[in-house]
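> Heads up: the sequence lines are chains A and B, in that order.
FYI, the numbering for the first sequence is 1 to 311, going by this note's numbering.
FYI, the numbering for the second sequence is 1 to 272, going by this note's numbering.
Keep in mind that the hints were calculated from the coordinates and are not lab data.
Note that CB positions come from ideal geometry on N, CA and C, so glycine has one too.
Be a bit skeptical, because a hint or two may be false.
[Unchecked claim] DEER-style ranges, computed between Cβ atoms:
| no. | chain 1 | residue 1 | chain 2 | residue 2 | range |
| --- | --- | --- | --- | --- | --- |
| 1 | B | 128 | A | 85 | 22 to 28 Å |
| 2 | B | 267 | A | 297 | 49 to 55 Å |
| 3 | A | 145 | B | 134 | 45 to 51 Å |
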Amino acid sequence: MGSEFVQLSLTPLLIGIFASVACALPGNFLILRRQALIGDAISHVVLPGIVVAFLVTGVVAAIPMLIGAAGAAVVAVILIEAIKRLGRIEPGAAMGVTFTTLFAAGVLLLEQSDTSTVHLDVEHALMGNLESLIWFKAQGWHSLLDPVALAALPHELGRIAVVCAAMIVLTVIFWRWLKISTFDEGFAEALGLPTSAIGLGLVIAAAVAAVAAFDAVGSIIVIAMFICPPAAARLMTNQLKAQVLWSVVFAVLSAVLGYVFAGYGPLWFGGENAVSAAGMIAAVSGLILALACLFAPHRTRIGVAKEEATA
Amino acid sequence: MVNAALDLAATDGQTVSRPAPETSPLAVRGLTVSYGEKPAIFSVDATFPANAMAAIIGPNGAGKSTLLKAALGVIPRLSGEVAVFGKPVESARDRIAYVPQRASVDWDFPTTVIDVVMMGLYRRVGLLGRLTQSLHAQAQECLDRVGMADFTHRQIGQLSGGQQQRVFLARALAQDADLYLLDEPFAGVDAATERAIIDVLKSLKAAGKALISVHHDLATVTDYFDHVFLINVRKIAEGPVQTTFTGENLNAAYGGRLAATHIDQLQLAAGA
């Protein structure tokens, strides 16, 4: 399987893994802060931003897309705040209204604009194009040491690898701040920690991960990875550090199994065509969460606490 | 004036045995906080005494917790000044320990008892400083002091309410501060925990610390505290328990919501 694997599967697999891990890391803290919907909102509002960036510049390029997505995120945050305050609506509902509306606007824009010359359409926005990110110049494992071949790696790989590395470094550096401001914001504030900046920084980091992952794998994977691996990991342990490590394990597992199932699963069942890898990765992460709900060791912690409190 | 008085004492030939007048551990001037259109607390002045246990008392929604949080900068203030040991609160953070309301956090958070206590050390160790063996020992000692030594590695969601409150107190002890601010430390705890907590608080006072606590139970004010601050959005009264914890002041704070029989049962200050 050597050379074919390196040429066809290695880069999509790595991109899937990096994208999954980059989203799962901030997802841990978003879930513990009861802000899981923010990841969802971000991954939705990215679409209109990217479409507008394309309409303005006429090309699908990384920098305009990132700027467009960031602009859309800012618009979304302002809209959510405005709806919350003017309409006196609870935050979850304000977010729900905002992101579905913006996503729908993105789809409409996309349909109305002439994107036939570029690879930008609704399906791409949802599913990405993981399978097409192959490494043409690779001839086998030895190509990993060949500068000419390495230069021809899909540029999505480098971008998502950098973002994934940044997420890991940021999580390690700001570990204590994230932990304490997530657990007890009032106490963190009293310690003099910049809790608003920590919260904002977390959302910005999640947005960067979402945009970088969206580019390569589409929004379905982003939505799934913000929530499924961390939620499943929470059921595996009662320690934050272990939870974050478990979430990384689950993210990698989802990416690898999802990619393999998408490529070979339909063949095992007599089908002829592979299915979307991004869709399958998201589905596998949901399956892992379902299994964790059924079998993980720390599912019943609330009940345990009550029993002991009354004992 | 103060200097003149001291000079006078000196010229009398007395040794100045009394320490110089200490700056108040917490003084606020004109503190106003608003959550919506109505102010939660309005133009509050307060001067809490050094080396004493002070209670902040008032009916529900009177702004007791708000006063504490606004003084700490946990919630923004509309106007007013706060001085902690005579300095702005930002430069006195190392001298303040804070015990938030137990119900203000999610006890389902994936962490252990010792982990929570270690959070009291975060200001000292910084973002990446090593939590050394001796810091671990310090945290464990704080758990011993609140009678929770056997629960070091227990998940916090598996504790009773009283045990959770003790863990919060242990975290404040780990902060090793000079001023302790406590938000309803006795709310919903069992009798054994209440005794354990008051013992720790009294030992802190004996060690020269200042304590300010939002307090609900009027029946224990005289037993536990030296100083009271009565509030109902505005300040009603402040001063030593002996002179300020009167039926008149309580009626003013609670607006007649306390039954007369209830007031009669309290050990009120003489002359009420």
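> Tell me, which hint numbers fail for this structure?
1
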